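A.B. asks: Could you put the whole structure together from the sequences, leaning on the hints where they help?
Protein chains: 2
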Amino acid sequence: MAKQPKHAISPLRSEDYPEWFQQVIKEADLAEHSVVRGCMVIKPWGYAIWELMQRELDDQFKATGHMNAYFPLFIPLSYLEKEAEHVEGFAKECAVVTHHRLEPDGKGGLKPASPLDEPLVVRPTSETIIGESYAKWVQSYRDLPILINQWANIVRWEMRTRLFLRTTEFLWQEGHTVHETKDEAVQETLQMLDVYSDFAENHMAMPVIKGEKTSNERFPGAVSTYTIEALMQDGKALQAGTSHFLGQNFAKAAGIKFIDKNETEQTAWTTSWGVSTRLIGGLIMTHSDDDGLILPPRLAPKHIALIPIYRNDDERAQVLEYCDKLRKELQSKYFHNRKILVEFDDRDLSNGVRTWHHIKKGVPIRLQVGPRDIANDSVFMGRRDQPTQEKKGIPRSEFVESVTNILEEIQSNLLERAQKHRKENTKEITTFKDFEEYFKASDSAGYALCPATDCTEMAEKIKPFKVTARCIPLEQNTPTAPCIFSGKETKTNILFAKSY
Amino acid sequence: MAKQPKHAISPLRSEDYPEWFQQVIKEADLAEHSVVRGCMVIKPWGYAIWELMQRELDDQFKATGHMNAYFPLFIPLSYLEKEAEHVEGFAKECAVVTHHRLEPDGKGGLKPASPLDEPLVVRPTSETIIGESYAKWVQSYRDLPILINQWANIVRWEMRTRLFLRTTEFLWQEGHTVHETKDEAVQETLQMLDVYSDFAENHMAMPVIKGEKTSNERFPGAVSTYTIEALMQDGKALQAGTSHFLGQNFAKAAGIKFIDKNETEQTAWTTSWGVSTRLIGGLIMTHSDDDGLILPPRLAPKHIALIPIYRNDDERAQVLEYCDKLRKELQSKYFHNRKILVEFDDRDLSNGVRTWHHIKKGVPIRLQVGPRDIANDSVFMGRRDQPTQEKKGIPRSEFVESVTNILEEIQSNLLERAQKHRKENTKEITTFKDFEEYFKASDSAGYALCPATDCTEMAEKIKPFKVTARCIPLEQNTPTAPCIFSGKETKTNILFAKSY
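Protein chains in written order, with the numbering used here: chain A, 37 to 536; chain B, 37 to 536.
Worth double-checking, as some hints may not be accurate.
Note that identical chains are pooled: a pair holds if it fits in a single copy or bridges any two copies.
[To be verified] Dumping the calculated EDC-like pairs for lysine to aspartate or glutamate here, alpha-carbon to alpha-carbon at most 20 Å:
| id | residue 1 | residue 2 |
| --- | --- | --- |
| 1 | K42 | D381 |
| 2 | K143 | E121 |
| 3 | K375 | D95 |
| 4 | K128 | D141 |
| 5 | K288 | E365 |
| 6 | K288 | E301 |
| 7 | K502 | E365 |
| 8 | K361 | D413 |
| 9 | K428 | E220 |
| 10 | K534 | D490 |
| 11 | K128 | E154 |
| 12 | K361 | E472 |
None of these hints come from the bench; they were simulated from the model. All values derive from a computational prediction rather than experimental measurement.
C.D. replies: Below, the structure written as structure tokens:
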């Protein structure tokens, strides 16, 4: 085996975390920048992770009564303008279609021709265009609730882009629902926040804190925005999903009204909620190490990399036959309703190169099988959640028997590790002086949980630190204490961090 | 039961086929026009059909070795220009993004601001932008083949639009592959044509003719375009899917080169292939009748509509309990790897209204259950492939036992019916005089299969009839005969029709 560098990714996390992130993506072959400014190409391995996320979330949306539909990519400018806060929030990042034809420019090239009467905005989110349809669909209380989700591409013209975290075009789902009463709409908002938080913890092995956004961080046009916040390894927070209670703001703007049971016209209540390919960024920064990507088994496109080792044709025949049988045995088993998938890697490359390939791609289990292993009817196993040097010979039958348990163990191990990291990097802070020190000490300090009120003093005092209020956690059991910014007594803790 | 009109859809097919088509879509709640010119909203029932199509096609793509990925929505103008025929083919229908911000227009509204250095075209197809990535990814023969598919939205600025058949924005999949040799690329092109044709026949119950497009009908930039053509009930043809052998045209334009086994630089060979939401239009026009949509069971979002009938609370309790048990029995069974899905319709509406609702939506089987049926432990069944008046009481256990067979029977019945229709509306024509008469006689004559060569005489002579060469069928067993246009001897039949 060729001598390997100590770690597969350079720079290390400790040296340059943002650059390490780019390199993990590159080495795992997840995505890359395209020639189109700010847009990414999601490569097959990255897209396969997204497909697994989609499948699981989609099942959860359907289990909670939602159906999918599809609405136009384009929004007429006048529709976007209908909700004042909303358009103000998005006006600075809208791609605008102004022409619908190309014609010769007289210099051998082409130029835009046939200007549109009304410019079209490429959807930065779809509240306004979907609201237009809903206003037609809803007449009576019998038409409610409307529970629809859309899987779509979204465009927000971002100045500084980073793969998966912030790109001009990204993929997401956006749920848009309409309800008879305020209570129902609030319940829906919180239900979907739970769906997101369960998905993050149980599938992504990424612990999150559920909470409400402070007024400055609200979705433009929402009454309240709920969020799941995750803490990355570098101590920065990532907003991983949001669920908005829109009150009657968008319903009024679009005219979504209904005749209630008492024959009275009412304005409806709406919600919207979404997660995006940003989740893949969160997945990477929660688990990966200096050897590359680490995937929780529930979101791994392949559970096992199977690497045959041989020196000549005789050995080859024997090893391939053994591997083929082993692969079939493994692929007949299930891990969480999904067939266990084995990547058989018989490429004409050294054992070391192949092994590192699968390490960098985050495959949960690696198996090496050579003539000596076959003689013992055993396999040589490496687990991606354990140090790469740590490998162990196991009888084949024992491995096959326990493979589901091993995958389960890796899944829960990753969650526990992330929970531990979060616990170690969350500080309860009760004075502004301690707050200052905490965020001055390091560029990526972690979470600070502080008694605070969503006040103007807060907004002003946190600005110099490039810190934001991540959320007001839903779970609160705080005795009364003075707000660290205003001094006003409060029973509320707010969560702060630097963020992506 | 309220007296029902003789047919649920007005106008009838025989009265006004295009308007009948719109009304079927409306009454089945599949889709509608949006406020955005030429764009449609795909409603939940229509989108559920698309999801079933996607699931099945995606499985077939993966079974043939393809993986999914995602490429940018936007194409820089200069990239689109790289292949001359290609850009010419699409220049007239491109939506162009020219600005990336909105600013106040001084009249209380907003206007486009921050012009882009280079305009971006919203993808009308992705050969050029994907080629850009492939040129980077391919260095050596070891990197080949590349077998990638993308599920995406596409924009082509169409002047006359029709729901599902021709819309400004539509959903599709586009496969893009790269190969070492011409042979391999041609094989891939034909393999995917087979995947499409199997899907059309086995899942959509829509018989298709596989063939090559004549030179006039080729994809802009392709060496050869293969197609599956389906005959609609009105005698017009629908191009339902295409697979293109692109030769080295796009590879040269994008610079997709590789070092072969002999260390020589070679230009690669590429293919592309796609089907779109247009398939839903084909599905509707193949099977539906004057009572609305008819769905082949393999693509039905729900297999069975279960309608409880009762007059008072006592009956209600009894009927609901019985239905609940029946539903569970049915939903424990499978039809083609998918759980049998039952729509239980206990809405406070008459039996007639509910029944017609499910007829118009194309649900394959309707069951009515009232106290008398329960007394006999039987159900009252209507099949969507049979006249709506035809219903039959069957013992519950017999129905449950045979439900999979009944669905299978409906599926094959629909295919046979469509095959019969096609046979009856295909004429072998051997003289230009007969060709003239055939297409003059009716606006929607059907197929004409004629000895012909892909010649200039043909192009000129068919023009006045608004007829197009649909394809040169792959299956040919023709004796030599004179081309009906040029008189030149040929062993080839070409398929002609008016078309969508």
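A.B. asks: Of all the hints numbered above, which does this structure not satisfy? Sort the numbers upward.
C.D. replies: 1, 5, 7, 9 and 12
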